[in-house]
Amino acid sequence: MNRKLTKWFSILIALTMLTVVISACAKNNNATDPSKSPESSSTEKAPASEKATDTEPSKLDTSKKVDLVWYLLGDSHEDSQKVLDEFNKMLEKDLNTTLKLNFTTWTEWETKYNLLLTAGEKIDMIFASSWAKYYSYAKQGAFVDLTDLLPTYAPQTWSTVPQQDWDEVKVADKIYAVPSTFPEFTPNGFVYREDWRKELNLPEIKDLDTIEAYMDGVKKGKPGVMPIGGSAWNEVSTLFSAVSGFEAIGGDSLVVAKSYDTPRDIVAYPFTTEFEQYVKRMKTWASKGYWSSNTLSNKTEAGDLIKAGTGAIYWRNPPGAGGFIVDAKKTNPEIELAYFPFTRFHNYAMPNLSINNGMAIPKSSNNVERSLMVLDKLRNNPEYFKLLTYGIEGTHYSLESDGKTFQTPPKGTSVSKDWKKYDIASWGWRYEPNMLQEIGAWADLKKFNDEFKAENRPSIFSPILLDYEPVKAQQAAVNQVYKQYGQPLMMGLVPDVDKALETYRKKLESAGIEKLVDYIKGQAEIFYAERKI
Amino acid sequence: MKIRMERATIVFNVLGYVMISLLAIICLLPFLLIVMGSISSETEIIRDGFKLIPSELSFDSYMAVFSNPYQIYNAYTVTILVTVVGTILGLFFTSMAGYVLSRKEFHYRNPVAFIIYFTTLFSGGLIPWYIMIVKYLDWKDSYLALLIPSMLSAWNIILMKNFMKSIPDSISESAKIDGAGDFTIYMRLILPLSVPGLATIGLFLALSYWNEWFLANVFITSDSKYPLQFLLYRILSSAAVLKTNIAGNLSADFTPPTETLKMAVAIVATGPIVFLYPFVQRFFIKGLTIGAVKG
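Those protein sequence lines, which keep their order, are chains A and B. Take 1 as the starting number for the first sequence in the UniProt record's numbering and just add one per residue. Take 1 as the starting number for the second sequence in the UniProt record's numbering and just add one per residue.
Please keep in mind that the hints were generated in silico from the structure rather than gathered at the bench. There could be a bad hint or two in this list.
[To be verified] With a straight-line cut-off of 25 angstroms between C-alpha atoms, the simulated PhoX-like cross-links for lysine-lysine are: (1) K299(A) - K51(B); (2) K140(B) - K65(A); (3) K135(B) - K65(A); (4) K377(A) - K82(A); (5) K135(B) - K421(A); (6) K262(B) - K299(A); (7) K100(A) - K262(B); (8) K330(A) - K93(A); (9) K363(A) - K262(B); (10) K140(B) - K122(A); (11) K330(A) - K262(B).
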């Protein structure tokens, strides 16, 4: 028996040692591989860029045929391949290159995106964006540094993208992505039933009091209607930052700058008097029944309830509102909707970061130069741009005589009921001068955009780089408290506001919010110093 | 005496049937709700919630799912092919492994079984696995990536081994005396005797192949190779992106997610398996007891 046991043990030990050795080998392989590929690509790069400096940019060496693989974040269209074949015909003639587009789709895209960038797969260009963690990936070295390559290989793009936009994509003074050039404003706001406002003779919406008057009027005048039906969280929480003028730092968080003009005055907003006043007001709103008491667990979109005739207000940004209003016109022609952007509380608007959408080259690419050349062509040559962005003229859209507007489905063709507009994830290479306007889009969008442009101020809060690594534990704890105590308080779903506020603040303190504020303050200071704000 | 007995039996039977029917109805209700939800109109669900008897019927959601019928049929073909081929090959390899491990003549059967078992405790994790398949095996966008990774599982091999252990040794001994080789014994004697075990594992394999979407999500890049589950999941998730704050950054034209669409997708995905189930159910129940007695 004993002998048997020792035999087993020796086998076990031998096995573990074997696995250790094997796994160590595997690790070595993995470790050397990625480091190998940038080396090899950089050695390829060096002579190419030397050569390029003394030749004209238009005569860059394209003698070698190259097949590129690009990844886009989003869905393909059933005709993507057809369009791409057309595209490749032109591309092969001009640059001796063919392009293959892969799509991540939206299923578990974060996992997939992470795998694509970490596994060293050969990808020559990939969609990059601040909301797809561009800054952290760039910081970790997932993308190729384009700073020196851009003037040579993408000269047109280099000169047409505004300096401000280039500054926004910089990480440690290096450019890792080509941002899209399409100034876009996505402030928060409400879509509301304008016909009811007129019918019930309610005041025009322009501030918090008129919003309250509107909801009150709807609640009383339209029995069975919940002013904000379904999930009201977005509506109420975005309204708070608009009313208070607080600007969240680095996206969604409890830590805010107290106003645009005092970016260094950074606090956690639950400790402010503004917050206290707001939650008290929300308590009265909730008890008047402006939203349902199960609103935090309700998954129904307020917008769906507007279409069903039992809701009146829906949170959207202007482009989203446009989509919703155009769609509602089709499904419920009797409804008249209007839009109120929250920028009117303080009369300024910040554009989205340029790197809200962009294209970057992963470290694993062997064809950095060619990939940049293709991007340059795609962005700046209207023919290339229109083909890949809007599809084949005549099949997917028809161009109006002014050359700036288009119609889908194309004029004069009849399409089946399930016809889908050609639309792929083209956000990354958007370049405004080449973009077309669609007929039938929401007419007010331009009006609002002009309004925003007039009161435009640079975006100084969203590019602050926060990876939360040093304060991970505090952040998790604070988030937990926020969900458990903060959200019900903000929705006015607590019996006693004062007591609930006190508990909330106490819990936040013990969760370590102070450390979180300090960390964000530190990061913000670094950023402000860099940008000289 | 006789009458009394019957009366008791009748009462018992009546009670039993009533109870079982009630349970069956309770089990069926959610499914019925899904079916009815899939053919309700969207606005009605939003207004009044799900109902067992919708006031108006609408097949819009099915039309949305089948808006591109070619794609759906294609995905069905891929899924059925992968399921059939994968299940057959998987059964073959699993039973071979199980047979070898159950033979007493195989001297190192315990160490080998341990190595197989070991993989269930320690694994490399997602990224090394991904790197191996994409970089070293080069299976990106290949059907092999859908087929191979879930073909053999340590759990199934151990299950098979234990099942085959319960077949008396004397059977294979008798065959040996008659001059049969190892492979003949396996093919002609052991396999026919292990039908319940094979059916169970076959069902496990078929279910996992049928429901597989993650492999396609990670490895498949061309639309024509998408299996059914992934295609349906994709329809839902592109609609669901609208609900996240990413939508605010994109301003693209998505069709919004619909409750009825979700239900229709569930029906399309589970339908065939539901029809298959009554035929293989008895194996499934039998199979549940297989692992109960560990050898």
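Hints versus structure:
no.: 1; hint: K299(A) - K51(B); verdict: holds (18 angstroms)
no.: 2; hint: K140(B) - K65(A); verdict: holds (23 angstroms)
no.: 3; hint: K135(B) - K65(A); verdict: holds (23 angstroms)
no.: 4; hint: K377(A) - K82(A); verdict: holds (20 angstroms)
no.: 5; hint: K135(B) - K421(A); verdict: violated (36 angstroms)
no.: 6; hint: K262(B) - K299(A); verdict: holds (14 angstroms)
no.: 7; hint: K100(A) - K262(B); verdict: violated (32 angstroms)
no.: 8; hint: K330(A) - K93(A); verdict: violated (44 angstroms)
no.: 9; hint: K363(A) - K262(B); verdict: violated (39 angstroms)
no.: 10; hint: K140(B) - K122(A); verdict: holds (11 angstroms)
no.: 11; hint: K330(A) - K262(B); verdict: holds (22 angstroms)
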